[in-house]
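Participant: Can you make the complete structure from the sequences, with help from the hints?
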Amino acid sequence: SVDPHGFVSYRLFRDATRYMDGHHVKDISCLNRDPAKVVVVDCRREAFCLQPFNGLALPRWDGSSDDRALYDLTAFLKSGGVEDVRAVLENYALEEDPLAAFKRRRSRLEEEEQQRLAELAQGKKPTGMFLGAMAGRLWARSKQQ
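Sequential numbering from 63 applies to the sequence shown in our numbering.
Everything labelled a hint here was simulated from the structure, so no lab data went into it. The reader is advised that the hints may include incorrect statements.
No more than 35 Å apart at the CA atoms, straight line, and that leaves these computed lysine-lysine pairs for DSBU-like [stated by the list, open to error]:
hint, residue 1, residue 2
1, Lys187, Lys165
2, Lys140, Lys187
3, Lys140, Lys186
4, Lys165, Lys140
Facilitator: What follows is the structure, given as structure tokens:
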């Protein structure tokens with residue numbers, strides 16, 4: 063089971079889509095939910111074309127038991143803690159693999175934080191940003207990946 067502990071409150075399937083221009087499209091305007099709290103996950107960007115900043119395009123599952131996309135998605139969603147998911151998802155909209163981009167940004171921030179802590183331990187004034195300021199960079203578009 064994809065969600066054995068029931069963390070996903072509502073799941074919608076093909077019968078809840080609209081058929082437009084040869085594609086099944088997920089239209090969250092029909093959900094009676096706050097769009098600031100809705101994330102549409104699909105492997106096709108066309109599936110959330112009506113609300114592109116509510117969507118997260120994951121690579122298509124190839125059947126491999128090594129696929130970690132749903133685990134990575136969990137880490138991505140847990141790190142959010144934002145009032146409006148669209149602000150976060152917009153920053154990843156142009157990424158070919160948003161979860162890989164998130165992992166790169168997170169790794170970079172962790173390295174910078176470790177460097178800052180090492181500098182503090184040596185009695186040096188830290189050269190980098192503090193973690194609170196750095197955390198916002200997880201959601202900012204990076205110019206260099």
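Participant: Please go over all the hints and tell whether each is borne out by the structure.
Facilitator: Here is what the structure says about each hint:
Between Lys187 and Lys165 the CA atoms are separated by roughly 28 Å; this keeps the pair inside 35 Å, and the hint holds. Distance restraint check for Lys140 and Lys187: the Cα-Cα separation of roughly 31 Å lies within the 35 Å cut-off, and the hinted pair is therefore satisfied. A distance of roughly 33 Å separates the Cα atoms of Lys140 and Lys186; the hinted pair therefore holds under the 35 Å criterion. For the hint linking Lys165 to Lys140, the alpha-carbon distance of about 13 Å falls within 35 Å, and the restraint holds.
Violated hints: none; the structure is consistent with every hint.
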